[in-house]
Amino acid sequence: MEFRSIFKSTILLKSLITIILLFTVSFLLIQHIVYNKIKEDTLRNIVLTTEITNIKISEIFHDTKLVAEQMEANQDLVDYIREVKTREDIAGHPLYQRVIRTLKDIEMKNPHIYLAWVANESANFYLDNFELISDESFEARNRPWYKPATNSTEAAFSPPYFEYTTNILAISCIKAIRENGRIIGFFSVDISLDFLQPILKEHIIGKNGENILLTDNGTVVYTSENPKNKEMISIANLIPYINSIKEKGKEYEEIEINGKDYYLLYHQMDINNWGVIQLIDKTEVMQPFQKTMATILGIFLVSCLISIIILYVNYFSQRRIQQQLKIEASTDYLTGINNRKYFHERSQQAVKDALEQNRTLSCLMIDIDEFKEINDRYGHDIGDKILKTVAAELRKVIRKNDILCRLGGDEFTILLLDAHRETAQIIANRIIENISRLVVRTKKEYFHFTLSIGISCLQNDDTVESLWKRADQALYRAKTAGRNIVSF
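Residue numbers 1 to 488, in our numbering, belong to the letters of the sequence shown in order.
Please note that the accuracy of each hint is not assured.
[As the list claims (entries may be wrong)] Straight line, CA to CA, 25 Å or less: simulated SDA-like cross-link-like pairs of lysine to any residue:
#	residue 1	residue 2
1	K56	E202
2	K246	N272
3	K56	K400
4	K39	K201
5	K104	E163
6	K246	K109
7	K56	F371
8	K372	I60
9	K85	E202
10	K400	F371
11	K469	V397
12	K56	V464
13	K388	I485
14	K104	N124
15	K65	E139
16	K109	V397
[As the list claims (entries may be wrong)] Label pairs and their calculated CB-CB ranges:
#	residue 1	residue 2	range
17	Q75	E445	22 to 32 Å
18	N45	R178	16 to 26 Å
19	N45	G336	20 to 30 Å
20	A392	G482	23 to 33 Å
21	M286	R178	51 to 61 Å
22	R346	T423	12 to 22 Å
23	R421	E356	12 to 22 Å
24	S122	E345	39 to 49 Å
25	E345	D216	17 to 27 Å
26	G379	E356	41 to 51 Å
27	R98	N45	43 to 53 Å
For the record, the hints were derived by calculation from the structure and aren't laboratory data. Heads up, the beta-carbon is just placed ideally off N, CA and C, and yes, glycines get one too.
Use the sequences and the hints to build the structure in full.
Shown next as structure tokens:
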């Protein structure tokens, strides 16, 4: 009896040991799988969050450049710069007050712009709506914005510098104004880097995370930790990792700084080659998971069930977040249609496929006529309503496989797949006709508005850029020909 009892006890002990080992091995295996899955999904969400930060900052730079380019179309500004020859002419010129009002209007209508100004090299003066500088201390050739402006035919961004009058850390988007190949002056709008602080702070990941804005030469101009960094801290120790991300097309690097492990993510902006770095504390990101698994480790019998539940709950919740972030990253927030980034990605492949398969393709560039005047007269609420209305009408007209997006402002574009010239003409005419029938009602009155459309058709040697350029040129011809028409 004693032997049998000992034998049964041994069997029971072995069974218990086997069960414990089975559950322990199962738990460790599930722990490994869950850890890697959560790490993968977490990093995917981090990458999408970084893209959203980059898009928001890029949009500010794109909008700023557009304003700087549009200043050249203001004849008062051009005439003033051309006609002021000496310092004595500056305040006495007939256009002086109108120039001041124009600069002030630019600042009021663009919240991200803190200063708009004009400068003249020959008369040696700088003028904004607050102050006139014409003393000997001002020298255009010595300003940080001079070289980028004179080296470019487009509006160009300066490196960060301390503004001449306010000593605010800023960047300028400057357009050199030329006549007959000679520079007669400069038009510029400035962004205070204080404006970027909320965007960088909004998308910090974790308590120890940090967002950093870099110039194209690797100099820190802003960080979420120290947003007003007047000493321009060098981050030479991060440059090799950034170069590795760019060269190898990686989404992130795992690095160590001061004994701490971090994920480093980097996205570069195409408009001025600046970049956004995000540093995320690895321990902090994965800490909730580790605590959960440590707790589960203490309950052997239910460890597998709890781990499986965590896996599926995490998977589906991360999937929902990921899908939502993808939608936000590719959708125009106002109209709900595709944004410029999405259109650029899709159009590259569409043009490539059309050329390889010898298929037709047409591009429509669409612009709302006199949209600025509508905004000025009726307000931005009505302007936004019109933008939404146009987007909805364009959705009705295009076909299932066509690509529609809002480029920005009042500009839209459509890529018509398998559409030759006649088809594009029919669709464009239908858009013009549908829009012209719409009535916009305000509290006091109602009015109609119109569109102008430029069309280009794919040629054998085309790229996306050349296709866009010809459509944009056709749009310009439609505008100059009287608006509310279609031009090829």
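Status of the hints after comparison with the structure:
{"no.": "1", "hint": "K56 with E202", "in the structure": "holds, 11 Å"}
{"no.": "2", "hint": "K246 with N272", "in the structure": "holds, 16 Å"}
{"no.": "3", "hint": "K56 with K400", "in the structure": "violated, 29 Å"}
{"no.": "4", "hint": "K39 with K201", "in the structure": "holds, 23 Å"}
{"no.": "5", "hint": "K104 with E163", "in the structure": "holds, 17 Å"}
{"no.": "6", "hint": "K246 with K109", "in the structure": "violated, 37 Å"}
{"no.": "7", "hint": "K56 with F371", "in the structure": "holds, 23 Å"}
{"no.": "8", "hint": "K372 with I60", "in the structure": "holds, 19 Å"}
{"no.": "9", "hint": "K85 with E202", "in the structure": "violated, 48 Å"}
{"no.": "10", "hint": "K400 with F371", "in the structure": "violated, 28 Å"}
{"no.": "11", "hint": "K469 with V397", "in the structure": "holds, 23 Å"}
{"no.": "12", "hint": "K56 with V464", "in the structure": "holds, 24 Å"}
{"no.": "13", "hint": "K388 with I485", "in the structure": "holds, 21 Å"}
{"no.": "14", "hint": "K104 with N124", "in the structure": "holds, 22 Å"}
{"no.": "15", "hint": "K65 with E139", "in the structure": "holds, 24 Å"}
{"no.": "16", "hint": "K109 with V397", "in the structure": "violated, 32 Å"}
{"no.": "17", "hint": "Q75 with E445: 22 to 32 Å", "in the structure": "holds, 30 Å"}
{"no.": "18", "hint": "N45 with R178: 16 to 26 Å", "in the structure": "violated, 48 Å"}
{"no.": "19", "hint": "N45 with G336: 20 to 30 Å", "in the structure": "holds, 23 Å"}
{"no.": "20", "hint": "A392 with G482: 23 to 33 Å", "in the structure": "holds, 26 Å"}
{"no.": "21", "hint": "M286 with R178: 51 to 61 Å", "in the structure": "holds, 56 Å"}
{"no.": "22", "hint": "R346 with T423: 12 to 22 Å", "in the structure": "holds, 19 Å"}
{"no.": "23", "hint": "R421 with E356: 12 to 22 Å", "in the structure": "holds, 21 Å"}
{"no.": "24", "hint": "S122 with E345: 39 to 49 Å", "in the structure": "holds, 46 Å"}
{"no.": "25", "hint": "E345 with D216: 17 to 27 Å", "in the structure": "holds, 23 Å"}
{"no.": "26", "hint": "G379 with E356: 41 to 51 Å", "in the structure": "holds, 48 Å"}
{"no.": "27", "hint": "R98 with N45: 43 to 53 Å", "in the structure": "holds, 51 Å"}
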